[in-house]
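Engineer: Please construct the entire structure, taking both the sequences and the accompanying hints into account.
The listed protein sequences correspond, in order, to chains C and D.
Position one of the first sequence corresponds to residue 1 (this note's numbering), numbered consecutively onward.
Position one of the second sequence corresponds to residue 1001 (this note's numbering), numbered consecutively onward.
You can trust all of the hints, since none of them are fake.
Footprint (simulated), chain C over chain D, 3 or more residues, beta carbon under 8 Å:
1) 1017-1029
2) 1148-1157
3) 1160-1172
Calculated from the structure, these hints are not laboratory results.
Yeah, the Cβ is synthetic: ideal placement off N, Cα and C, and Gly gets one too.
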Amino acid sequence: MTARRPSGPDFSLFPFLSVLLCVMGVLVVVLSGQTLLAMHEPPDQLIRIAGDAERSPRYVECREDEIVLHPEGRIVPSARLESELGEELRLMKARGEYLVLLIRPHGAATYAHCRFLAMSFDVEVGKDAILDGGQVVFDESGRAGVTPGGQD
Amino acid sequence: MARRVHMVGSLDSFLDIVANSIGMLMLIIAMTAILNDDVRISLGTPMMAPARAGLEPLRFECRGNAVYPLELSRLPLDDYQVALATGGSFERINALGPRTRHYSASFHRDGFALEPLGTPGFGLRTILDEPEAFLEDVSAAGGSAESTLLYFLVRPDSHEVFRLVRDVAIDHGYAIGWDPYMDQTDEPLYFFFGPGGGLMEDLYR
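Structural biologist: What follows is the structure, encoded as structure tokens:
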């Protein structure tokens, strides 16, 4: 009596599936980590500027120790406000523009400084409170228009 | 007799994993879509201007992401003015324990301070879900869209609730004024007397 030989080329997907499961596990861990990080990262603040037909606003973001001149994004430390913002205000006055100060939560002191400077250059001021974190994003023209998301 | 060749193994478990993977991907895509939803802010053209004639201010503090009416009309400001003018004692006024619903007040030579009592104000959720509660409080204090300017002192931790309550007030026709208040949340509010500081209004066109 002879032993029965295997009937054919048996194969199993088990090793392949194990590897696949391991890869998925690693991916889930990586993606969960990224998601958690992203949840703690504040979103950008997309600002739609209604604008004014006759007057152009110049947007300046007031942070704790610096300002950001928009839309070019130039950062000016508080220590250089008088010289650099002063020069901007002089040009704004000549062009008939007005200043809109976007105040971050800890930008109150910087706002007060900017407002004082604007008053000394006789430039009109507007202001708004913006939230902490994220970037201030303007539409392409920096003036009136529809946001990229199409919301009014 | 030909032998049959048996293929041992099943694709079922593989298909399960594929289905699970697709499910995970959909979840990830949904999360990504939610997280990428930018905060959209419409500024209009907020311009500061002296408050229009005839507007009386009702003052509020935004602190801890809640709105608190200051209710200065409930304080003995007339007695305080008399004491200032005549060199009278502020201790007599302070001994009466002047307070409003949300603050205790203390009067001094150069101004007065409002110390929070820790009572609940109009929180973010209240303003969002029941804005009429805030508006009724304004009306009860004598406020109306025609004659009242709602003026907010906004602490660094309360920009969110300020933006919300401002939208509610603008929708109901109120004029708005506000200033950022740079001190930390646990500091009392101080009101000093000095030149300047006229009531300003923010014009949203």
